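Given chain Y's structure and the hints, the job is docking chain C onto it.
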Amino acid sequence: MKRPLRVYAILYLAFLYAPIALLPLFAFNDGTVIAFPLRGFTWEWFRQLAEIPALHAAVLNSLTIALSSAALATCLGILAARAATRFAFPGKKGIMGLIMLPLVLPEIIVAVSLLVVLLQLGLSLGAWTVILGHVLICTPFSIAILNSAFQSLDLSLEEAAIDLGETRWSSFRLITLPLVMPGIISSLLISFTISLDEFIIAFFLTGTEPTLPVYLWGQLRFPQKIPVVMALGTILVVASVILLTIAEYFRRRGAARTGQADTGGFL
Amino acid sequence: MKDTLGVTRPIITLDNVEKYYGDYYALRGITAEINQGEFFSLLGPSGCGKTTLLRTIAGFEEPSSGRVTIDGKDMAGVPANVRPTNMVFQSYAIFPHLTVAQNVGFGLRREPLTRKEKERKVVEALEMVGLKGFGARAAHALSGGQRQRVALARALILEPKVLLLDEPLSALDKKMREQMQMELRRLQRQVGITFILVTHDQEEALIMSDRIAVMFEGQIAQLDTPQVLYRRPVSRQVGEFIGVMNFLPAKATVGPDTHIEVEAAGLGRAVIGADQLPGGWHPGQTQSVGIRPETMSILFEGETTDRRVATGIVEDRAYYGDMTYYEVRLDGVEKPMTISMKNLVGRPVLERGSQARVAWDARSLVLFA
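Chains Y and C, in that order, are what the protein sequence lines are.
In terms of the UniProt record's numbering, the first sequence opens at residue 1 and continues consecutively.
In terms of the UniProt record's numbering, the second sequence opens at residue 1 and continues consecutively.
Simulated from the structure, these hints should not be mistaken for laboratory data.
Everything numeric in this text was worked out from a predicted model, so none of it was measured.
Positions of the beta carbon are idealized from the N, C-alpha and C atoms, including for glycine.
Warning: the hint list may mix true and false statements.
Stated by the list, open to error - Far from chain Y, some chain C residues (derived; all Cβ distances over 12 Å):
| # | residue |
| --- | --- |
| 1 | Glu33 |
| 2 | Arg110 |
| 3 | Gln219 |
| 4 | Leu350 |
What the hints assert, rightly or not - Pairwise CB distance ranges, derived in the manner of DEER restraints:
| # | chain 1 | residue 1 | chain 2 | residue 2 | range |
| --- | --- | --- | --- | --- | --- |
| 5 | C | Glu33 | Y | Ser170 | 33 to 39 Å |
| 6 | C | Asp173 | Y | Ser170 | 49 to 55 Å |
| 7 | Y | Leu244 | C | Leu113 | 43 to 49 Å |
| 8 | C | Ser46 | Y | Pro106 | 27 to 33 Å |
| 9 | Y | Val241 | C | Ser46 | 50 to 56 Å |
| 10 | C | Gly130 | Y | Ile20 | 58 to 64 Å |
| 11 | Y | Leu63 | C | Leu113 | 32 to 38 Å |
| 12 | C | Pro79 | Y | Leu13 | 56 to 62 Å |
| 13 | Y | Pro24 | C | Ser170 | 55 to 61 Å |
| 14 | Y | Leu155 | C | Asn343 | 46 to 52 Å |
| 15 | Y | Leu244 | C | Glu203 | 51 to 57 Å |
Here chain Y stands alone, though its shape is the one from the complex (with noise of 0.2 Å):
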């Protein structure tokens, strides 16, 4: 019995993994063919990365893109969890089932509705309506972070402190932003993350500027052009898995932090 198990779970990992770990080998690969033997060790694809201006413009405009997602999707996500953790109002669970919804959308519906609705509205494409479908699909995940971080605050930490002397605003920026510190940066650095490597949403409402995923897919039509594409992959995964190793450690610093257990959390 446990001995299938196991075999069963190391086949289900190198499924989800062994593609990804051929990133890299084939961005080392010395060759423009995409298949074994391997052909030596080289820098070239990395080095060709430097010289496309196209790929420069596109990985600028994923940044902004990623960290006004983010950011907006933070500070909407600050809101709404305080509001569902705090106050008691008609219609809670409605309102917040709505605004978890993109999480289980399909996203190419997310992304051809937006369109239609921009378009209907004879708005032009650009990086801001990209910024506009990544706030929506990022925010579920920044609420489910700050719903956490808030939900383990004692409520009367910002009586006590108005009890002090403080006001409002400022008992909330002394006691509770710092407390809910690490679930900030958590939800900022996983947004980003979504946001950088979202496809889907980019493409249609991207315009002419594509984001980084975009100007990649475009890019393999050119079977020469494979390797390079690999490198750049290989880029975006190592840079991936420091940016949610960093959220990660922040969750668990702020559990630490108030002092509960460790619920295993988000990731």
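Relative to the frame of chain Y, chain C by itself:
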């Protein structure tokens, strides 16, 4: 505290304070004066409105109608952060990301003091609550009792006119709670600040308070000193809530010589004083009479008394070491009553089913409408 004329001065005046949420009344017609320098308790079962009243005084709730006056100033529209009150929360609300010293000194942030003066105040406050040298510790690593002390020091450092305590001892174990009761009392005498304590523990209220307001369903049922509350509760509800009280069906009449006579089931006739009657009493009303367990005693073999004696049967007993609590059913009464006896040297513990002679005193009877 008395002023030069020897008159007690109210520090808080509650004038017909009401609080309702929709059609649910949390507070109704609360009128009371709390004196400067006294240890005042709000006592009642959960949901009686005592915490709502405390939060109304603190400024976290606005009364729906009525007036709260603190130190002569109407508190209408005055937010909690500028009221001359400080609070010790039930959860203590210790800021987990700050050190003990930062917690205690938190309220000094806006005070026009130098850093040196603030540090000195924090050290003094910590000393006062017995936490000397704890300043640099992380707040989240403290024990329950230590958190309680930090919360006290933090609230007292601002020298409030009134300190509000919301069930501060309920999270502590029994030993710790008893110790903190004495310490709180000592601290209150030392600083001379008015303390208002919310509690559901009648024993705690009796031990600590100068005066107690007993609350039921948003109203003050009785407001008096612990001794009066215990000896002369105004209603069965108050009598039952504070300590143990036995109730017997009774009828009171005015005798030929204008003495008030009560006829209580199982005890017989007795003459009582006017102070033992309920307010608004009129002769002939159907009533009950209350009597405390320790005001009666069981006469053991050979003992005699010049007090009144009733007879009954021991239905049950509970042995507590220092005391034995007997459930005695008096002849002609259905419900057994509790009688407590000290376990003095040479005194036996009666078995179930024994005959018992019960000595009692007419002065310990309280009549209820």
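* List of violated hint numbers, smallest to largest -> Violated hints: 2, 6, 8, 11; rest satisfied.
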